[in-house]
Each structure stands twice: as structure tokens, then as C-alpha cells.
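Based on the provided sequences and hints, a complete structural model is requested.
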Amino acid sequence: MGEKWALLAVRELFYGNHRFDRIARNTGAPRDRLTARLRTLEEAGVVERRAYSERPPRYEYHLTEAGRDLAPLTQALLVWGDRWVLPEAPVVFEHRPEGHPPHPYDPRWVCRTCGEPGRGGGLRAGIRSPGWTAEGPAGP
Numbered sequence: 001m002g003e004k005w006a007l008l009a010v011r012e013l014f015y016g017n018h019r020f021d022r023i024a025r026n027t028g029a030p031r032d033r034l035t036a037r038l039r040t041l042e043e044a045g046v047v048e049r050r051a052y053s054e055r056p057p058r059y060e061y062h063l064t065e066a067g068r069d070l071a072p073l074t075q076a077l078l079v080w081g082d083r084w085v086l087p088e089a090p091v092v093f094e095h096r097p098e099g100h101p102p103h104p105y106d107p108r109w110v111c112r113t114c115g116e117p118g119r120g121g122g123l124r125a126g127i128r129s130p131g132w133t134a135e136g137p138a139g140p
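The numbers in the numbering used here rise by one with no breaks, and the one at position 7 of the sequence shown is 7.
There may be inaccurate statements among the hints.
[Unchecked claim] Ranges between beta-carbon positions, derived for each pair:
| # | residue 1 | residue 2 | range |
| --- | --- | --- | --- |
| 1 | Thr35 | Pro130 | 34 to 40 Å |
| 2 | Trp132 | Pro101 | 43 to 49 Å |
| 3 | Gly99 | Gly139 | 17 to 23 Å |
| 4 | Glu135 | Ala36 | 34 to 40 Å |
| 5 | Gly2 | Glu135 | 20 to 26 Å |
| 6 | Ala138 | Asp21 | 46 to 52 Å |
| 7 | Arg33 | Thr74 | 36 to 42 Å |
| 8 | Gln75 | Ala134 | 22 to 28 Å |
| 9 | Ala134 | Leu8 | 29 to 35 Å |
| 10 | Arg55 | Trp109 | 43 to 49 Å |
| 11 | Ala76 | Trp132 | 23 to 29 Å |
I should point out that these hints are in silico values taken from the structure, not numbers from a laboratory. We put the beta carbon where it would ideally sit given N, CA and C, even for glycine.
This is the structure we're talking about:
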């Protein structure tokens, strides 16, 4: 996900743009770079290609389950951009739960145990990787 253009391609797939030309137009990515990024995302199991034409061969790109699990990442970046970058949100999501009227979608991270927001000083990282501390690799 750290490669240039990868997250923008994933964003476009979340928005429902599955064809290469639309993804290229909406991201501004050079076609050769976008091809490489989509190939990398496919190899990583984030994206899958689906044929929509045999003659000529044409494909659409769709998120896999692993790709759909990136939703919190893309939402967090949208929320951050809406707060710190742009004066007005360029994209607004609407939540349409079954049996309830639609309303603006306002995502937030909450603790599954207590229901409290996970922000600020209330979070601590428990490092479980051998040889690492919160400061990085443990010294000799």
C-alpha cells in the first residue's frame, strides 16, 4: 500500500470505478505506473481482475475481501483530509442501514470492549515482536 498510486487506485475501487480508464483518469496516474500498481495489488491479494470482454480482452478490477478490509484506512484518510486539508469535504458518504432512514456516515474508531473512542493518551502500543521495543529495535 506504500507504493505511489496504490492507495488512490484502491480509493477508486471503493467508489465503484472498476475499469482501467476511469481509474487512470480519476487518479491522474501515468498508465504504465497504474498498470504496475494494479498488478502489485493483484499479486498481494488486494485486487482481482475480472474479464468483461473477450474480444478484445478487457478486464475490470475489484477489491478482494482483503482489499475491502482496507476501508477503515481509506475512511481515516478522508476524515483527516476533510479536517485538515480542504475547507469543504469533496466526498460525503451516506449510511443506509436496512430499516432506518439514510443519514450522513460519520465513522469513528471505538473499543469493542468498552465502546469508548480510541484516541489520544488512552492508547498504548504493546510490542510483541522479539527484539523490538516501542522505540524500535532493542540494542545489544
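Status of the hints after comparison with the structure:
no.	hint	in the structure
1	Thr35 x Pro130: 34 to 40 Å	holds (39 Å)
2	Trp132 x Pro101: 43 to 49 Å	holds (48 Å)
3	Gly99 x Gly139: 17 to 23 Å	violated (57 Å)
4	Glu135 x Ala36: 34 to 40 Å	holds (35 Å)
5	Gly2 x Glu135: 20 to 26 Å	holds (22 Å)
6	Ala138 x Asp21: 46 to 52 Å	holds (50 Å)
7	Arg33 x Thr74: 36 to 42 Å	violated (20 Å)
8	Gln75 x Ala134: 22 to 28 Å	holds (26 Å)
9	Ala134 x Leu8: 29 to 35 Å	holds (31 Å)
10	Arg55 x Trp109: 43 to 49 Å	holds (47 Å)
11	Ala76 x Trp132: 23 to 29 Å	holds (24 Å)
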